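Visitor: Given only the sequences and the hints, what does the whole structure look like? Please build it.
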Amino acid sequence: MKNYKLYITLTLAIALGACNVKQGQAPLQEAKVASPIASKSRAEKILDKIKNPTKDYVLAVAHRGDWRYAPENSLLSIQRCIDLGIDIVELDFRLTKDGHLVAMHDYTVDRTTTGKGKVSDMTLAEVKALRLKSNCGIRYSRQQVPTLEEVMELCKGKIMVNLDKTEGETVQEAFDVLKKTGTVNQGIFKGDDSIEFMREKYGPLMDSIIYFPKVWPRTKDKTAFIANYNREIAPIGYEMIFDEEECFITEEIKRMNQQGITIQTCALWDDLVAGHNDERVLIDGPDAAWGWLIDNGTNALMTDRPEELIKYLEERGVRNL
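Per our numbering, residue 1285 is the first one in the sequence shown, and the count goes up by one each step.
What the hints contain is simulated information worked out from the structure, not anything from laboratory work. Here the structure is a predicted model, which is why all the values come from computation and not from measurement. We put the beta carbon where it would ideally sit given N, CA and C, even for glycine. Take these hints with a grain of salt, some might be off.
[Claimed, not checked] Taking CB as the label site, the calculated pair distances span:
id	residue 1	residue 2	range
1	Asp1505	Glu1599	34 to 44 Å
2	Asp1505	Ser1425	39 to 49 Å
3	Glu1437	Ala1413	14 to 24 Å
4	Lys1381	Glu1530	45 to 55 Å
5	Asp1527	Gln1456	31 to 41 Å
6	Glu1592	Asn1512	36 to 46 Å
7	Glu1530	Ile1567	20 to 30 Å
8	Arg1515	Leu1566	38 to 48 Å
9	Glu1599	Glu1480	41 to 51 Å
10	Glu1529	Glu1410	40 to 50 Å
11	Asn1514	Glu1410	38 to 48 Å
Guide: Written out as structure tokens, the structure is:
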């Protein structure tokens, strides 16, 4: 008898529950839960902007990290760039005696560390025993010289890395580190060697990396240099250097803008950008320097003043990621 009453109670409960379901609404047990769509990382969004440049977004590139805040090429200077919202951090790498890539601009450690000697004559352990000097190069800091692997682990998913000083020398070694850390799509290689040289040296690897050819006023046969790169690997970006406002390179920038190619310029000193550099920002204001570069086709702007650049780009309305 008790079992019969329990059966009646359960039957009524189920029936009443079914009556409470609105028209077109499936019972709870039949409802489908939408599968979550993985959102893109910030680094992936930045890469999208590099591949598809638009006028409403200018990429901010920090030269050697934020070296006014922390020692150049240090993990702390890189973290500072990430915190600021920088898109690309430009860093330099040298190979140690025992085959490790470390973040170092100069051939020697003399200027930036507590030690002396060529990077190529030192082991990783010897380099790691040093301390980086402060941004003014006087006192030492707590920062060590990081390896490329440490850099990429810090940057993973957060920021793109422009790999300098790997030009035609250690591209393969750097690529191996990117592959190991799962950051192949975050490393931007660059160089001023011809595609013929790079293809002969690295073969099909050139098809697996992001590579920005550098075009200088001194580049021989610029038309052929660019055409050969476009034919062979179709770069998504170029680094353009010019010492005159009106020249072949500035005209080529306009053509590349129409082709949807990202143009990186370096506002570090006068003859890299025909005088529209960081110093001019302090003298004539940002519109005369950074603004001029943007108005004349720059999509990615490298600076030694990343915090100020970010503020300017935000005020200009070109930071809609």
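Visitor: So, for every hint listed, does it hold in this structure?
Guide: Hint-by-hint comparison with the structure:
Here the CB-CB span from aspartate 1505 to glutamate 1599 is close to 41 Å, well matched to the stated 34 to 44 Å. A hinted range of 39 to 49 Å for the beta carbons of aspartate 1505 and serine 1425 is consistent with their spacing of about 45 Å. Our hint of 14 to 24 Å for glutamate 1437 and alanine 1413 holds, since their Cβ atoms are close to 21 Å apart. Evaluation of the 45 to 55 Å hint for lysine 1381 and glutamate 1530 yields a pass: the beta carbon distance comes to about 47 Å.
Between aspartate 1527 and glutamine 1456, the C-beta spacing of about 33 Å keeps the proposed range 31 to 41 Å intact. Taking 36 to 46 Å as the suggested C-beta distance range, the pair glutamate 1592 and asparagine 1512 conforms, at roughly 38 Å. Between glutamate 1530 and isoleucine 1567 the C-beta distance comes to about 22 Å, which sits within the given range of 20 to 30 Å. Taking the beta carbon of each, arginine 1515 and leucine 1566 are about 42 Å apart, inside 38 to 48 Å as hinted.
The hinted range of 41 to 51 Å is satisfied by glutamate 1599 and glutamate 1480, whose Cβ atoms lie roughly 44 Å apart. Between glutamate 1529 and glutamate 1410 the C-beta distance comes to about 47 Å, which sits within the given range of 40 to 50 Å. Between asparagine 1514 and glutamate 1410 the Cβ separation comes to about 43 Å, which falls inside the hinted range of 38 to 48 Å.
Violated hints are absent here; each numbered hint is respected by the structure.
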